Amino acid sequence: MTRRRLPQWLLLVPALALLAAVLLFPLGQSLVRSLGAPDWTLDHYVSLFTDGVTLTILGRTAGTAAIVTVIAILLGYPYAYLMTRVGPRTRGVLLVIVLIPFWTSVMARNFAWIVILQRGGPVDSFFRMFGLDVVLYGSVAGVAIAMSQVLLPFMVLPLYSALSGIDRRLLLAARGLGSHPLAAFWKIYWPLSRGGVVAGLILVFTLSLGFYVTPALLGTPQQSLVAQLLAQRTTQLLDFPGASALGILVLVVTLVLVAWANRVGGSVSALGVVATGRTKER
Amino acid sequence: MAQTPSGSGTDTTTLAAGARGARRRARSVDPIPWWLVAIVVVVALYFMLPTLFVIPMSFSSASTFQFPPKGLSLQLYVNFFTDPVWLRSLGNSFLVAILAALLATVVGTAAALGLHSLTGRWARLARTLLMVSIVTPGIVLAVAIYITFLQWRLVGTPLGYVLAHAAIGVPFVLVSVTTALGGFDPKLLRASASLGATPLRTFLRVTMPLIGRGIVTGAIFAFVTSFDEVVIALFLRSPLFQTLPVQMYNSVTVEIDPTIAASSSLVVVAVTAVFLIPQLVGGRKRTRRS
Numbered sequence: 001m002t003r004r005r006l007p008q009w010l011l012l013v014p015a016l017a018l019l020a021a022v023l024l025f026p027l028g029q030s031l032v033r034s035l036g037a038p039d040w041t042l043d044h045y046v047s048l049f050t051d052g053v054t055l056t057i058l059g060r061t062a063g064t065a066a067i068v069t070v071i072a073i074l075l076g077y078p079y080a081y082l083m084t085r086v087g088p089r090t091r092g093v094l095l096v097i098v099l100i101p102f103w104t105s106v107m108a109r110n111f112a113w114i115v116i117l118q119r120g121g122p123v124d125s126f127f128r129m130f131g132l133d134v135v136l137y138g139s140v141a142g143v144a145i146a147m148s149q150v151l152l153p154f155m156v157l158p159l160y161s162a163l164s165g166i167d168r169r170l171l172l173a174a175r176g177l178g179s180h181p182l183a184a185f186w187k188i189y190w191p192l193s194r195g196g197v198v199a200g201l202i203l204v205f206t207l208s209l210g211f212y213v214t215p216a217l218l219g220t221p222q223q224s225l226v227a228q229l230l231a232q233r234t235t236q237l238l239d240f241p242g243a244s245a246l247g248i249l250v251l252v253v254t255l256v257l258v259a260w261a262n263r264v265g266g267s268v269s270a271l272g273v274v275a276t277g278r279t280k281e282r
Numbered sequence: 283m284a285q286t287p288s289g290s291g292t293d294t295t296t297l298a299a300g301a302r303g304a305r306r307r308a309r310s311v312d313p314i315p316w317w318l319v320a321i322v323v324v325v326a327l328y329f330m331l332p333t334l335f336v337i338p339m340s341f342s343s344a345s346t347f348q349f350p351p352k353g354l355s356l357q358l359y360v361n362f363f364t365d366p367v368w369l370r371s372l373g374n375s376f377l378v379a380i381l382a383a384l385l386a387t388v389v390g391t392a393a394a395l396g397l398h399s400l401t402g403r404w405a406r407l408a409r410t411l412l413m414v415s416i417v418t419p420g421i422v423l424a425v426a427i428y429i430t431f432l433q434w435r436l437v438g439t440p441l442g443y444v445l446a447h448a449a450i451g452v453p454f455v456l457v458s459v460t461t462a463l464g465g466f467d468p469k470l471l472r473a474s475a476s477l478g479a480t481p482l483r484t485f486l487r488v489t490m491p492l493i494g495r496g497i498v499t500g501a502i503f504a505f506v507t508s509f510d511e512v513v514i515a516l517f518l519r520s521p522l523f524q525t526l527p528v529q530m531y532n533s534v535t536v537e538i539d540p541t542i543a544a545s546s547s548l549v550v551v552a553v554t555a556v557f558l559i560p561q562l563v564g565g566r567k568r569t570r571r572s
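Chains as they are written, first to last, in the working numbering: chain Y, 1 to 282; chain C, 283 to 572.
Next up, chain Y with everything else stripped away, as it sits in the complex:
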């Protein structure tokens, strides 16, 4: 008995239709709008680089992303390294802990950072004991600390995946041949881990570029990042073509960087890492 079978690809239609309506069509409209349809022009893109404000904010955003990335590699590398050294049970605990930022609610997390960093808060009181006046709330440093916390998993997971593939007996061999432990690490271990490091660096940097809630709540309007500029142009200035051009620029930069991270990561798929965790407020 043969039953006529529907083609398999029909199963894809509902998902693709939803995506087309909610993601692809609005983004396509953005692209068309940014090109000044119906009279096509690149003016909206040109003015991004000539209006003086946008370029400053893009620079500040890249700078903040760089700080976040440096914090992430400095804290993420030891963490991922230790994960390869401990027994399976401890590793499981470390893995659960690294995933905590993924499931801490966005607003709860940012609220907590306001409490921690505010004037008169725990960090301020701590520094006051030493007679220092350090208020991180409303500063780029405060924003970077809060962003690194949630982006660290994107460093730790690809790194762990790369580091766990390295044969530690190479280090023992080097030391057996008289090498200093640090020299052995620097000459053997570090080069072998470079794929994971680069993938993590690009991933964290890229995801930092789109943060909106954290800089909006912990930063100041005077030091706004590109996401705040995008929101302001849309809802306050109602400059839809200008906002669309800025949005498309950020999107293209992001996609190019993620594709790059995917290539250098090799077996470590950046997309896969992103998908295993929940990405908040990317």
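Please note that the accuracy of each hint is not assured.
Partner residues are not named here, just some residues of chain Y that face chain C (Cβ under 10 Å, in silico) [to be verified]:
#1 L16
#2 V115
#3 H180
#4 A183
#5 L217
#6 A243
According to the in silico footprint, chain C covers these stretches of chain Y (three or more CB under 8 Å from chain C) [as the list claims (entries may be wrong)]:
#7 99-106
#8 190-198
Just so you know, the hints here were simulated from the structure itself, not pulled from any lab data. From a predicted model like this one, the values you see are computed outputs, not experimental measurements. From the three backbone atoms N, C-alpha and C, an ideal C-beta is built for every residue, glycine too.
Here the structure of chain Y is known, so what remains is to put chain C in place on it, guided by the hints.
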């Protein structure tokens, strides 16, 4: 720190164990430095820091964000469960998240099944397209969706929220169902059909029990993603319809309302429970096997 007791075997046996031997280090030859452990403990605390502050804050009796709280009370929880604005936002969030997760799970599962046996350029393109929202910056998406939904009169409507949140939930369902399908043998489908089962019956009796876990995991991810989503929600909000994260955002920007501490704690505890329980169960299984 838990150590595997078998790790301290003699060098010859360790090397003889081959690939596994590389992991199991002889402690005396290759010790873990104490400073590394210290750094990792600090980093682990950093991961938990927001959670550690939110929960004590929620029992504060003050009407500010002061920490440590001067007095302890359940006042903020009382506020949360009696204030109609907070309660309505909570209800809206549940409504949107349930519907969005349902929609994302149905279309995402179908897509994963469709992609399972398809190969080639078009299947790859479809998969990439379905995943692309995961790397798209939320703000770019929010602005694009906002302007388009203005034209469609979907801003401030439950339908607008559900559609947007379902779209960003699809990748999570796709990934978890695809993973579950990894060990799935398509020959089972033919076997079932040859025994006379309809495709629907095959799906319910053969496919579902095998990939059910993946579907449930995907649905939970989609639910939590929607429940917690704030960037798109900020653009789609209206005075008549807003979700819990938007109300939480208002409470730190417009009003200084510490009720957000109670709301945060409830969300954090609920979400942690949802994610941690399967993880603990799975973790125990893994250790038993090894």
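We went through each hint and held it up to the structure:
1. L16: 7 Å, holds
2. V115: 5 Å, holds
3. H180: Violated - the Cβ of H180 of chain Y stays beyond 10 Å from chain C, reaching only about 14 Å at its closest.
4. A183: A183 of chain Y check fails; min Cβ-Cβ to chain C is 15 Å, beyond 10 Å.
5. L217: Nearest chain C Cβ about 6 Å off; hint holds.
6. A243: Given a least distance of 6 Å, the restraint on A243 of chain Y holds.
7. 99-106: holds (count 7)
8. 190-198: violated (count 0)
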